[in-house]
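Trainee: Let the sequences and hints guide you as you build the complete structure.
If you read the protein sequences in the order shown, they are chains A and B. Sequential numbering of the first sequence, starting at 107, is according to this note's numbering. Sequential numbering of the second sequence, starting at 107, is according to this note's numbering.
Keep in mind that a hint or two might mislead.
No more than 30 angstroms apart at the CA atoms, straight line, and that leaves these computed lysine-lysine pairs for DSSO-like [to be verified]:
(1) 144(A) x 154(B)
(2) 145(A) x 128(A)
(3) 113(A) x 144(B)
(4) 154(B) x 128(B)
(5) 144(A) x 144(B)
(6) 138(A) x 154(B)
(7) 145(A) x 154(B)
(8) 113(A) x 128(A)
(9) 145(A) x 113(A)
(10) 144(A) x 154(A)
(11) 154(B) x 144(B)
(12) 128(A) x 138(B)
(13) 154(A) x 128(A)
(14) 128(B) x 138(A)
(15) 145(A) x 144(B)
(16) 138(A) x 128(A)
(17) 138(A) x 154(A)
(18) 154(B) x 113(B)
(19) 128(B) x 138(B)
(20) 154(B) x 128(A)
(21) 128(B) x 144(B)
(22) 128(B) x 113(B)
(23) 138(A) x 113(A)
(24) 128(A) x 144(B)
(25) 113(B) x 144(A)
(26) 138(B) x 154(A)
(27) 144(A) x 128(A)
For the record, the hints were derived by calculation from the structure and aren't laboratory data.
2 protein chains.
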Amino acid sequence: MANTVMKVEGMTCGHCVSAVEKAVSDAGASGKVDLAGKKVTVEYDEAKVTIEAVKAAIEDQGYDVV
Amino acid sequence: MANTVMKVEGMTCGHCVSAVEKAVSDAGASGKVDLAGKKVTVEYDEAKVTIEAVKAAIEDQGYDVV
Chain A
107 MANTVMKVEG MTCGHCVSAV EKAVSDAGAS GKVDLAGKKV TVEYDEAKVT IEAVKAAIED
167 QGYDVV
Chain B
107 MANTVMKVEG MTCGHCVSAV EKAVSDAGAS GKVDLAGKKV TVEYDEAKVT IEAVKAAIED
167 QGYDVV
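Mentor: Have a look at this one:
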């Protein structure tokens, strides 16, 4: 398993936290949002999921991975 | 039908807009959120719905009607 921390802009409330964590989950990884810190910690299996796919899933929800 | 405009604090994103409009709808009225203006325009039938019930529904979602 690999861990990476992404900086994500645009998350403003609990609904955003849920939307981002669900997007990461739907992409096959596990995400934990730090709303105040504008960060998402992603844990994923490198054999099964690419970090690019996780980023794309978050961006599809309207947030910017920077 | 009556119309009233409420000032609502705490709405930050499109998810909040949806949550507030759904709360108003579930209370039996019709709501339109102005996110930038922090306002909710509520249209309701005074014979069927009280504005207090609409306010309570919005506050139940975690927003402040001021």
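Trainee: Each hint should be assessed against the structure and marked as holding or not.
Mentor: Each hint tested on the structure:
1. 144(A) x 154(B): 44 angstroms, violated
2. 145(A) x 128(A): 15 angstroms, holds
3. 113(A) x 144(B): OK: residue 113(A) and residue 144(B) at ~28 angstroms, within 30 angstroms.
4. 154(B) x 128(B): 18 angstroms, holds
5. 144(A) x 144(B): 23 angstroms, holds
6. 138(A) x 154(B): Violated. Residue 138(A) to residue 154(B) sits at ~43 angstroms, over the 30 angstroms cutoff.
7. 145(A) x 154(B): Answer violated: residue 145(A) to residue 154(B) is near 45 angstroms, above 30 angstroms.
8. 113(A) x 128(A): 17 angstroms, holds
9. 145(A) x 113(A): Given pair residue 145(A), residue 113(A) holds - Cα atoms ~5 angstroms apart, limit 30 angstroms.
10. 144(A) x 154(A): Since the Cα atoms of residue 144(A) and residue 154(A) sit roughly 26 angstroms apart, the hinted pair holds (cutoff 30 angstroms).
11. 154(B) x 144(B): Given pair residue 154(B), residue 144(B) holds - Cα atoms ~26 angstroms apart, limit 30 angstroms.
12. 128(A) x 138(B): 27 angstroms, holds
13. 154(A) x 128(A): The given pair, whose Cα atoms are some 18 angstroms apart, holds under the 30 angstroms limit.
14. 128(B) x 138(A): It holds: about 27 angstroms lies between the C-alpha atoms, which stays within 30 angstroms.
15. 145(A) x 144(B): 27 angstroms, holds
16. 138(A) x 128(A): 10 angstroms, holds
17. 138(A) x 154(A): OK: residue 138(A) and residue 154(A) at ~19 angstroms, within 30 angstroms.
18. 154(B) x 113(B): Within the cut-off at roughly 22 angstroms; holds.
19. 128(B) x 138(B): 10 angstroms, holds
20. 154(B) x 128(A): 38 angstroms, violated
21. 128(B) x 144(B): Judged against 30 angstroms, a Cα distance of about 16 angstroms means the pair holds.
22. 128(B) x 113(B): Between residue 128(B) and residue 113(B) the Cα gap is close to 17 angstroms, so the pair holds against 30 angstroms.
23. 138(A) x 113(A): Holds: residue 138(A) and residue 113(A) sit about 12 angstroms apart, inside 30 angstroms.
24. 128(A) x 144(B): 27 angstroms, holds
25. 113(B) x 144(A): Holds, because 28 angstroms separates the two Cα atoms, which is no more than 30 angstroms.
26. 138(B) x 154(A): 43 angstroms, violated
27. 144(A) x 128(A): 16 angstroms, holds
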